[in-house]
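Chain order of the listed sequences is Y and A. The opening position of the first sequence corresponds to residue 1 in the UniProt record's numbering, with each subsequent residue numbered one higher. The opening position of the second sequence corresponds to residue 1 in the UniProt record's numbering, with each subsequent residue numbered one higher.
What the hints contain is simulated information worked out from the structure, not anything from laboratory work. A virtual CB, placed ideally from N, CA and C, is assigned to each residue, including glycine. Wrong hints could be hidden among the right ones.
[Unchecked claim] Sample of chain A residues at the chain Y side, in silico, Cβ under 8 Å: (1) Thr44; (2) Glu167; (3) His186.
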Amino acid sequence: MSEEQVVLEVKHLKKYFPIKGGILKRTQGHVKAVDDISFDVRENETFSLVGESGCGKSTTGRAILRLHEPTDGDVLFNGENLIDVSKSSFRHLRKDMQLIFQDPYSSLNPRMTVKKLLMEPLLTHKLATPKEAEEKTVEMVEKVGLSTEHLDRYPHEFSGGQRQRISIARALILRPKLVILDEAVSALDVSIQSQILNLLKQLQEEFQLTYIFISHDLNVVKHLSDRVGVMYLGQMMELAETEALYDNPLHPYTKALLSAIPSINPKEKENKERIILQGDVPDPSDPPSGCPFRLRCPMAHDRCAEEIPRYIEAERDHWVACHLYDE
Amino acid sequence: MKDFTQRLIEDKVGLIGFIGIFIVVLLAIFAPLIAPYEPDEMFTNHVMEGPSSQFLFGTDEFGRDIFSRIVYGAQVSLQVGLIAVSIGAIGGLIFGLISGYFQGKLDQVIMRIMDVFFAFPDILLALTIVAVLGPSLTNTMIAIGIVFMPVFTRLVRSAVMTVKENEYITNAQAIGVRPSMIIIKHIIPNIMAPFIVQITLALSGAILTEAALSFLGLGVQPPDPSWGMMLNDARAYMEFGPWTILFPAAAIVFTIFCFNLLGDSLRDLLDPKLKQ
Chain Y
1 MSEEQVVLEV KHLKKYFPIK GGILKRTQGH VKAVDDISFD VRENETFSLV GESGCGKSTT
61 GRAILRLHEP TDGDVLFNGE NLIDVSKSSF RHLRKDMQLI FQDPYSSLNP RMTVKKLLME
121 PLLTHKLATP KEAEEKTVEM VEKVGLSTEH LDRYPHEFSG GQRQRISIAR ALILRPKLVI
181 LDEAVSALDV SIQSQILNLL KQLQEEFQLT YIFISHDLNV VKHLSDRVGV MYLGQMMELA
241 ETEALYDNPL HPYTKALLSA IPSINPKEKE NKERIILQGD VPDPSDPPSG CPFRLRCPMA
301 HDRCAEEIPR YIEAERDHWV ACHLYDE
Chain A
1 MKDFTQRLIE DKVGLIGFIG IFIVVLLAIF APLIAPYEPD EMFTNHVMEG PSSQFLFGTD
61 EFGRDIFSRI VYGAQVSLQV GLIAVSIGAI GGLIFGLISG YFQGKLDQVI MRIMDVFFAF
121 PDILLALTIV AVLGPSLTNT MIAIGIVFMP VFTRLVRSAV MTVKENEYIT NAQAIGVRPS
181 MIIIKHIIPN IMAPFIVQIT LALSGAILTE AALSFLGLGV QPPDPSWGMM LNDARAYMEF
241 GPWTILFPAA AIVFTIFCFN LLGDSLRDLL DPKLKQ
């Protein structure tokens, strides 16, 4: 697996949001939304980032695309460091990496028809003349399961699932290489979710796409991904191939997360030990010393408070940041 | 556009407003043909006469025909209304967009300058500007435009800041749309509703401000007629001849009313969500 070509390499990415206060609006501290995470994404795979609300998974996606300017770190896309590129020339690179948003109700301009929404990316990057762009929109709406009669309608005339199809069409009409799906199905109800997920899978094969799938839904992630990274409080806790992670989770946090997946099999339910975490996620502006998870970790020991655990490859292709595996 | 006119015709209220304004515009353009007399022609035998078949709306204290003066006054009021509001609205739109979209230091500078303008009462500010530029119709329009600019700037700025939070703006950024195109294609169409309503309100305000300035001798210079000036001239005589104040006032009310009706329906017509 590791011989596969790496498309995106994220190295020590950090994104701190300053907290400003007082009369002079001085910076009083930082929310460490993303704190030193590294991972790579391979060609044509689906790489998932999971974690609870506020763990920094969406910020990671947006920092890669520089929608939030990263505080520190490097992002290499096909070997080119995106962080070094000037803002104005980065605009031209955007056609290769697209973002699909969670909320299909607010991510489409209510004053533009579907046709205009789909033509805009092509015309922006001068990839087609207006006439060619129109032809491409016809092709694209059909690919995402809408019909040409929808082209002259406005977003409010569609349901949530249909709107998400429009968003997908708008992102994919540029034929990007990398697509970041930021909770792309979380706002949809379950039956629609599976339709959209199947559509995404099908389009991935057709267009040879690489996905970064950001989600909190562990079932969806298991169904869709090749590899999964688990984030907690801005840091990567564990990263492995999907099967390895679900069958053999190493980090106590991952174990707790997986034990929380509801099961419809009553027998399985009896055997399963439910790990219930105590307390809440710490304030990201004032994280605990050492391991960010130690306050809620059932396995925490003295060393966890003293040292930040190293992010190591505990097994082949299975990375974890926990002192239990770093003797 | 075809669709738009179709919908305007179906919208009765908007249509009434539109027809009303159309009438006022016709009056202004064809004033020499419509008015029976010159606006400054004095009939010394007919001073302060009530409405009659000879003088439709009566005569004023100099024996001038009020109907003719109202017809000619439409030219001034419309000009002042439209040009002054355009100055204020376009200026406000530009400053508001810059302020709201880019924020930061530039926003602070623009908004503090607007605050200074806000701190003065409208009339006092307009008066000062006219006093500096010299009294004339053009300068009156510029002054009123400047007086109205802070209101538009604030309105546009806050609308931009609300719209900017929507994900479709981030979406456009992610696609790589240039900031200038984001403003033109994504932000401006979405702030139009409050903007258009403010324009219709400002139109009436401009007509009234012009009236006040003319009254103070800094707007339209006598004997040229303006509705506001007629209104103010008539204040002293309204007990003896209520028609002297009634008809100019009615002209102002009618025009403003029509602008407001049209503005309301324009706002709805421009919103695709309200399309049937």
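We went through each hint and held it up to the structure:
Evaluation of the Thr44(A) hint against chain Y yields a violated restraint, the C-beta minimum of about 61 Å exceeding 8 Å. Checking Glu167(A) against chain Y by beta carbon gives a least distance of about 4 Å; that is within 8 Å, so the hint holds. Interface restraint check: His186(A) against chain Y, minimum CB-CB distance 5 Å, threshold 8 Å, status holds.
The structure does not agree with numbered hint 1 stated previously, though it agrees with all others.
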